[in-house]
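Please arrange chain W on chain S, whose structure you already have, making use of the hints.
Protein chains: 2
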Amino acid sequence: MNISELGEFPLIKRLTEDIKIYHPKETIMGVGDDAAILAPLGTTPITTPTTTYQVVTTDLLVENVHFDLTYVPLRHLGYKAVAVNLSDVFAMNATPKQITVSIAVSSRFTVEALDELYAGIKLCCDKYKVDLAGGDTTSSTSGLIISVTALGTTEVPVKRDGAKENDILCVSGDLGSAYAGLQLLEKEKRHFLANPDMQPDFKDFSYVLERQLKPEPRADIIKLLRERGVRPTSMIDISDGLSSEILHIATASNAGAVIYENKIPIDTETYRALEQFNIMPLTAALNGGEDYELLFTVSPSDYDKIAHTREIRPIGHITEAATGCNLVPENGALIPLSAQGWQSFG
Amino acid sequence: MNISELGEFPLIKRLTEDIKIYHPKETIMGVGDDAAILAPLGTTPITTPTTTYQVVTTDLLVENVHFDLTYVPLRHLGYKAVAVNLSDVFAMNATPKQITVSIAVSSRFTVEALDELYAGIKLCCDKYKVDLAGGDTTSSTSGLIISVTALGTTEVPVKRDGAKENDILCVSGDLGSAYAGLQLLEKEKRHFLANPDMQPDFKDFSYVLERQLKPEPRADIIKLLRERGVRPTSMIDISDGLSSEILHIATASNAGAVIYENKIPIDTETYRALEQFNIMPLTAALNGGEDYELLFTVSPSDYDKIAHTREIRPIGHITEAATGCNLVPENGALIPLSAQGWQSFG
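Protein chains in written order, with the numbering used here: chain S, 1 to 346; chain W, 1 to 346.
Since the hints were derived computationally from the structure, they do not count as laboratory data.
Check each hint, because a few of them may be wrong.
The list treats identical chains as interchangeable, and a pair is accepted whether it falls inside one copy or across any two copies.
[Unchecked claim] List of simulated lysine to aspartate or glutamate pairs, EDC-like, C-alpha gap at most 20 Å:
id : residue 1 : residue 2
1  : K25       : E155
2  : K203      : E186
3  : K127      : E216
4  : K214      : D204
5  : K187      : D304
6  : K187      : E330
7  : K13       : D115
8  : K187      : D68
9  : K187      : E112
10 : K129      : E17
11 : K20       : D115
12 : K187      : E290
13 : K203      : E8
14 : K13       : E116
Only chain S is shown next, with the shape it has when bound in the complex (with noise of 0.2 Å):
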């Protein structure tokens, strides 16, 4: 059977289903989360209890798939590939604390390329405070490969099936707006093949094109939760986009969701990028990806404390299983959410 016909989801299960577990009291979670759970343990035993769990989470970047370096900067290459890992790992409501970085690269690409691409991982380091401690360098065949370990700890995990009916949904930053960037380079691309002396026309754009090539994980919403005193129940980061996210939690959780069109926040620049592409703002929030945003519910009693934050919005909530998960539109009747993943499989 080939891959495509498979698709990512159900290739990822089969190949993930039949795994043991040999020390369950340090592999707390396995695969199936945005990053693992562990608790590191001695050869000997270790009387007091351990408070602290590690989370462990890692991407594999690869050239002409995930990014293009036709017009990706190096540097930002570089950030973005930490950014997006330390993104799992915030979504684990865990503190990051080391990277590994693995490169493979072919002969086409200079040493000073690789300062560059190394300028952009340890200025995302420095910003997270995080450690570079190690990695892989070697040849490629065929362009650029990047693969990012994160490990990071914290005292709570927070993974995504602990959705409880009447939780509320809330989402943070805005969506669809690394979509609308990337619908804007992939645009002056094609312009730029076609001419190749044409300036590329970004003005007024900034927001959108920083979003796609340089996400900042949301660190601060996890530094805001704790202060509050808040422990959301469940929460991932939107990688794939929020339909995508929202099924996650709801299948882990075994629970549905209901979210209402006119709450998910959409900025005006991604409204005014799309339109030139007849994309739908909606549908760019629903199954553009890459917003790096985090989606996580809290308990209806804990609402309040974060109620009012400028950088967190009330998106739905969470409802029993059997009404599935559904966007209630602005006018019309409720539309089902569908999975998108990785349809790139070509």
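Just chain W, lined up with the frame of chain S:
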């Protein structure tokens, strides 16, 4: 500057030399050994000091750079991808506990092919009692890419930098065999390309072929050293070749070394296999790589505890730094050892 002009080791040094460490109590040692050493701590102070360290190592394997699917079965490849990372964990004197596996595949792979790859991954996890705790699955524009990160724990990490003058240099198993196996496989590939009806002639070479296709990390050596109460003063796994690894230990320990040609363990099948290629077995042992044996130093007072152990051989000793690293040949003058590393940036 082109990457191939600079070479692997200087490139890694250049990219990682200005790394800042933000969590010195948790990131005990970063880049520069077989694995990083971590000591995960929580956000509240831990009053009883932890005696458990965690090690983290990662490897990136790229099709047609690190493996050739013309002759490497996917099941063996999966096994080896895990085994080489576990070898790095054992080389820190640690017990492997978890791995993450990321793969990028092009659409020419079938789901059944990935099943085979994962069967090998799971077989190695099963043999060494390691939990497959996470990963990433994505598409590739060309070929197969595998990134494995391995995590382990130890109360006594052994680094490269602890070798002292007069310590005995020991090596496990035998050397050069994986390189001999590679030569046989490459030869059969050339014959196969010339005449596809030809059947490979691998009889009498099962040992060297297995060493290349399905290496076993030396868990048994770590167990034996623990049972005998021997703590190596330094340790490294032999992935690039004995010569390169001795130089790593000597440089890190600010020491020199002398090894004796007639002490280097080489299997008779390796001699026999290499004869037809006019490759000196000594060259294969020193520079062939991929043996995944352990090279370590023990203090002279500890050596008696492991003398006469079938799987451990003394090959020389540590000297003062000024003498450098040298081989004493069976006939003739001292030969200085030189590093090879990956010469694969092409």
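Hint check:
Taking identical chains as interchangeable, the C-alpha atoms of K25 and E155 lie at most 20 Å apart whether they share a chain (15 Å) or sit on different chains (17 Å). Proximity of K203 to E186 under the C-alpha cut-off of 20 Å is restricted to the intra-copy arrangement: shortest distance 16 Å within a copy versus 55 Å between copies. For the identical chains of this complex, K127 and E216 are intra-copy neighbours only, at 10 Å inside a copy versus 41 Å across copies, given an alpha-carbon limit of 20 Å. Within a single copy, K214 and D204 get their C-alpha atoms as close as 17 Å, which meets the 20 Å cut-off; across copies the closest is 57 Å, which misses it.
In this assembly of identical chains, the alpha carbons of K187 and D304 never lie at most 20 Å apart, being 43 Å within a copy and 71 Å across copies at closest. In this assembly of identical chains, K187 and E330 lie within 20 Å of each other by CA distance neither inside one copy nor across copies; the values are 30 Å within and 68 Å between. Taking the shortest alpha-carbon separations for K13 and D115, only the inter-copy value of 11 Å comes in at or below 20 Å, while the best intra-copy value is 38 Å. In the homo-oligomer, the alpha carbons of K187 and D68 lie at most 20 Å apart inside one protomer (13 Å), although the nearest pairing across protomers, at 38 Å, exceeds that limit.
In the homo-oligomer, the alpha carbons of K187 and E112 never lie at most 20 Å apart, since the shortest distance is 28 Å inside one protomer and 38 Å across protomers. Within a single copy, K129 and E17 get their C-alpha atoms only as close as 35 Å, which misses the 20 Å cut-off; across copies the closest is 17 Å, which meets it. In this assembly of identical chains, the alpha carbons of K20 and D115 lie at most 20 Å apart only when taken from different copies (16 Å versus 41 Å within one copy). Proximity of K187 and E290 under a CA criterion of 20 Å is satisfied intra-copy only: 18 Å inside one chain copy versus 47 Å between copies.
Within a single copy, K203 and E8 get their C-alpha atoms no closer than 37 Å, and across copies no closer than 41 Å, so neither meets the 20 Å cut-off. Proximity of K13 and E116 under a CA criterion of 20 Å is satisfied inter-copy only: 15 Å between copies versus 37 Å inside one chain copy.
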